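Asker: So you can see what is in the structure, the chains are spelled out below.
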Amino acid sequence: MKPRRAFLTRLAAGATLAALAATASLGGDWRQFRGPRGAGLADETNAPVISYGPKSIAWKVPLPGRGLASPIIVGDRVFLTCSSGPQQDRLHIICLNAADGSKRWERQFWATGRTSTHEKICVAVPTPTSDGQRLFAAFTSDDVFCLDLDGNLIWFRALMRDYPNAGNTLGLASSPVVADGVLVMQVETDGDAFVAGLDVATGINRWKLERRKRANWSSPVTLSGVNGTTVVALQSSAGVCAIDPATGQQVWNYPDGASTVPSSTSRGSILFVPSFGITALQTSPDAQPPKQLWRSNQYRPATASPIALDDHIFAVNDAGVLSCGDAATGARLWQLRLKGPFTSSPVALGKQLYLVNEKGLAQIVDATKPEGEVVSELDLGETVLGTPSVANGAVYFRSDGHIWKLASP
Amino acid sequence: MPVILEALDGAGPVAANWLRGAIEAIADRELGAGHALPLDKLGQFLLDVNHQPRARRLAFELIARIDPATADKLLTGMLTDPSPELRYDAVRKIVQQGDRALAETNQPAARLLFRQALTFAREVIQVDDLSKKLRALGETVDLPNLFGFVMKWKVIGPFDSVGGKGWAAAFPPEQGLDFGATYDGKLGPVHWQDFVTTDDYGIVSMNQPFKALKGVAAYACAAFDSAQAQEVELRLGSENSWKVWLNGEFLFGQDEYHRNKAIDQYRMPGHLRAGKNFILVKVCQNEQTEDWAGDWDFQLRVCDRLGAAVHPAPASGATGKGAAQ
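In the order they appear, the protein sequences are chains H and C.
Counting in our numbering, the first sequence runs from 1 upward without gaps.
Counting in our numbering, the second sequence runs from 1 upward without gaps.
Because the hints were derived from the structure by calculation, they are not lab data.
Quick caveat: nothing in here was measured; it's all calculated off a predicted structure.
A hint or two may mislead.
Said to hold, decoys possible - Distance condition first, Cα-Cα at most 30 Å in a straight line; then the derived DSBU-like pairs of lysine-lysine:
| hint | chain 1 | residue 1 | chain 2 | residue 2 |
| --- | --- | --- | --- | --- |
| 1 | C | Lys186 | H | Lys213 |
| 2 | H | Lys120 | C | Lys214 |
| 3 | H | Lys103 | H | Lys120 |
| 4 | C | Lys93 | H | Lys120 |
| 5 | C | Lys211 | H | Lys213 |
| 6 | C | Lys73 | C | Lys93 |
| 7 | C | Lys261 | C | Lys154 |
| 8 | H | Lys55 | H | Lys103 |
| 9 | H | Lys120 | C | Lys73 |
| 10 | H | Lys60 | H | Lys351 |
| 11 | C | Lys73 | C | Lys41 |
| 12 | C | Lys261 | H | Lys213 |
| 13 | H | Lys103 | C | Lys93 |
| 14 | C | Lys41 | H | Lys103 |
| 15 | C | Lys73 | H | Lys103 |
| 16 | H | Lys213 | C | Lys165 |
| 17 | C | Lys132 | H | Lys120 |
| 18 | H | Lys359 | C | Lys186 |
| 19 | C | Lys214 | C | Lys186 |
| 20 | C | Lys154 | C | Lys211 |
| 21 | C | Lys165 | H | Lys208 |
| 22 | H | Lys120 | H | Lys60 |
| 23 | H | Lys60 | C | Lys132 |
As the list claims (entries may be wrong) - FRET-style restraints, in silico, Cβ to Cβ:
| hint | chain 1 | residue 1 | chain 2 | residue 2 | range |
| --- | --- | --- | --- | --- | --- |
| 24 | C | Ile4 | H | Asn297 | 56 to 66 Å |
| 25 | H | Asp199 | C | Asp48 | 39 to 49 Å |
| 26 | H | Lys60 | C | Thr80 | 37 to 47 Å |
Ideal Cβ placement from N, Cα and C applies to all residues, glycine included.
All chains should be built: construct the whole structure from the sequences, respecting the hints.
Answerer: Structure representation (structure tokens):
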């Protein structure tokens, strides 16, 4: 690159980042699938206790297409994706004002990859993510868009054009994460399988890991690395391996196998893996192999991913039974039959678990009760398959037709 | 804005999304500032069918943002539009009229409207829906003919695909077509045999000629007479591993088992030469034993890029119910 052009590029990049940083907000954001670190827990102190009722619906907004992708919240903005059209090949990225649900902007794109999915789902399944400056929206068609928070396209990758066999005709579901300047895309199918580290500024592959060709719908989660860095835990049928997102180099490996549907969750440095029920791993930020703390097949996370809240681990099985256990020992403490079935995963705000079943019945479980207790319900009246999101004291649900914000009146 | 729309005419799929993003950003900015969008120019662009269909659809959507009533009226004249999306919406309006007639128990009117809609429908979801509506009204619908499914095949197999090795292995049929040849198969000598499917959706089940086998591969080949050289799409659905060749040229394949099957799951552009063409499909079955893993089949149709069936020259008759009979 010629010096002048390089200088102008740096200048432009610096100016853009400065402008972007002005819109970034940290506290209370929910920037990826299941929020901070993919743990399902809101980073909030003094979280309000929400009770559902007619007045708890702060707003409800119609959507232009279908989707399972969770909304994400960055500052005062809510972002989500949809797909529409007879072939579900119209891709929507939408930004709403968190305060009142009004639309700030919407961008539509054409899918470049295959859009065939199981009829229950659609093309807007992976949850978008954000580094607070940019929005990354991935779709089942292997299209990945990076926009600034005002809807201007920064880069676009049509991964199925680069890797034509990287498609799953049931649909892909893995939600990307962003860490240390890299967007980690886990694209694992029977025909082709890889994890790509895309540079957040350009979308270019920083690295690409070949993976076992086996369909996998689980999502990566982030853990603390050494010296303030982050490691990304990649789950698959082979187990879980942690990588350095900057290089793609493996940090540690757990090779005992894991589920390909529900994803791992963490509490601090402990990773709870859907493996032989649930296996709790004490991880280390460096290259030390993880130490197995406990393993219990009394937990059978089905589609919903487990969640760790305070000293407890929770998992929902196929029958809609919520199991609560001691996170330190794995001992099961109680079970509570909820109204299922669940495709979405539970999330937590304060001491409450927020769940929604496939029929759209939102349920709040008070996790502090000795046997757990459903303390509030609200029928959203529509099929809901997407995992709720929690930010700034509010809970967000989405269906194929609407997005709701629920909060204390 | 019209200048950028015109740029979509020659844009590939990736560039098209960049241009679309720019147009939407401009539209937001202009409308947000209280400015008008150039309705006349957008309309001219929309009505010029020489422009790229997606670009015209985008022009239509911009018009719909500022004048939805006019946009809706324009759809009425778009039943034969080159844009699949405009055509879909135009057909949808007729279907809605038919639904209303049906609700008013005016079955003759509903039947006529559904027939008209089916004449112009190209999207699978609409063709399927209309076929069901018409059949419920006692009408006959030749689905294989409508879709252009290839019904007449020659098949050969089984070859050994234990452990999934058959997908990558080049068995004799993909090294050259010789319909009189005999080869060593997995269970003994194999030779080409005729197979005609009668399935409404053109499904060619290898379980019929070869029984329910596991760890096997088989081939199906169809001769397709084309009246002239033309560009077409071969659209395939299968939940088995498969590969497709057209006149010996490999088009695409996917090594995946029992995930899903749908009409038009895979779309492969292909060139038909004038006269006889050969479509060769390889389809493999793995060794899963679950009851939902028993299908060993595919469906394939020949159509234009809009999805309209491309039928072979009459003498060949490889597609449609006529072929099946």
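Asker: Hint by hint, note whether the structure agrees.
Answerer: Here's how the hints hold up against the structure:
1. Lys186/C - Lys213/H: holds (26 Å)
2. Lys120/H - Lys214/C: Holds, at about 29 Å.
3. Lys103/H - Lys120/H: holds (27 Å)
4. Lys93/C - Lys120/H: At roughly 26 Å apart (the allowed maximum being 30 Å), lysine 120/H and lysine 93/C satisfy the hint.
5. Lys211/C - Lys213/H: At roughly 29 Å apart (the allowed maximum being 30 Å), lysine 213/H and lysine 211/C satisfy the hint.
6. Lys73/C - Lys93/C: Distance ~10 Å between lysine 73/C and lysine 93/C Cα, so the pair holds.
7. Lys261/C - Lys154/C: Holds. Lysine 261/C to lysine 154/C sits at ~22 Å (cutoff 30 Å).
8. Lys55/H - Lys103/H: Cα-Cα ~22 Å, so holds.
9. Lys120/H - Lys73/C: Distance of about 34 Å is beyond 30 Å: violated.
10. Lys60/H - Lys351/H: holds (25 Å)
11. Lys73/C - Lys41/C: holds (17 Å)
12. Lys261/C - Lys213/H: Between lysine 261/C and lysine 213/H the Cα gap is close to 19 Å, so the pair holds against 30 Å.
13. Lys103/H - Lys93/C: The hint holds at about 28 Å.
14. Lys41/C - Lys103/H: holds (27 Å)
15. Lys73/C - Lys103/H: Cα-Cα ~27 Å, so holds.
16. Lys213/H - Lys165/C: holds (14 Å)
17. Lys132/C - Lys120/H: This hinted pair holds, its Cα atoms lying about 21 Å apart.
18. Lys359/H - Lys186/C: violated (49 Å)
19. Lys214/C - Lys186/C: holds (11 Å)
20. Lys154/C - Lys211/C: It holds: about 16 Å lies between the C-alpha atoms, which stays within 30 Å.
21. Lys165/C - Lys208/H: holds (26 Å)
22. Lys120/H - Lys60/H: Within the cut-off at roughly 23 Å; holds.
23. Lys60/H - Lys132/C: Violated, at roughly 35 Å.
24. Ile4/C - Asn297/H: 56 to 66 Å: This hint holds: roughly 58 Å between Cβ atoms.
25. Asp199/H - Asp48/C: 39 to 49 Å: holds (40 Å)
26. Lys60/H - Thr80/C: 37 to 47 Å: Distance hint for lysine 60/H, threonine 80/C holds at roughly 40 Å.
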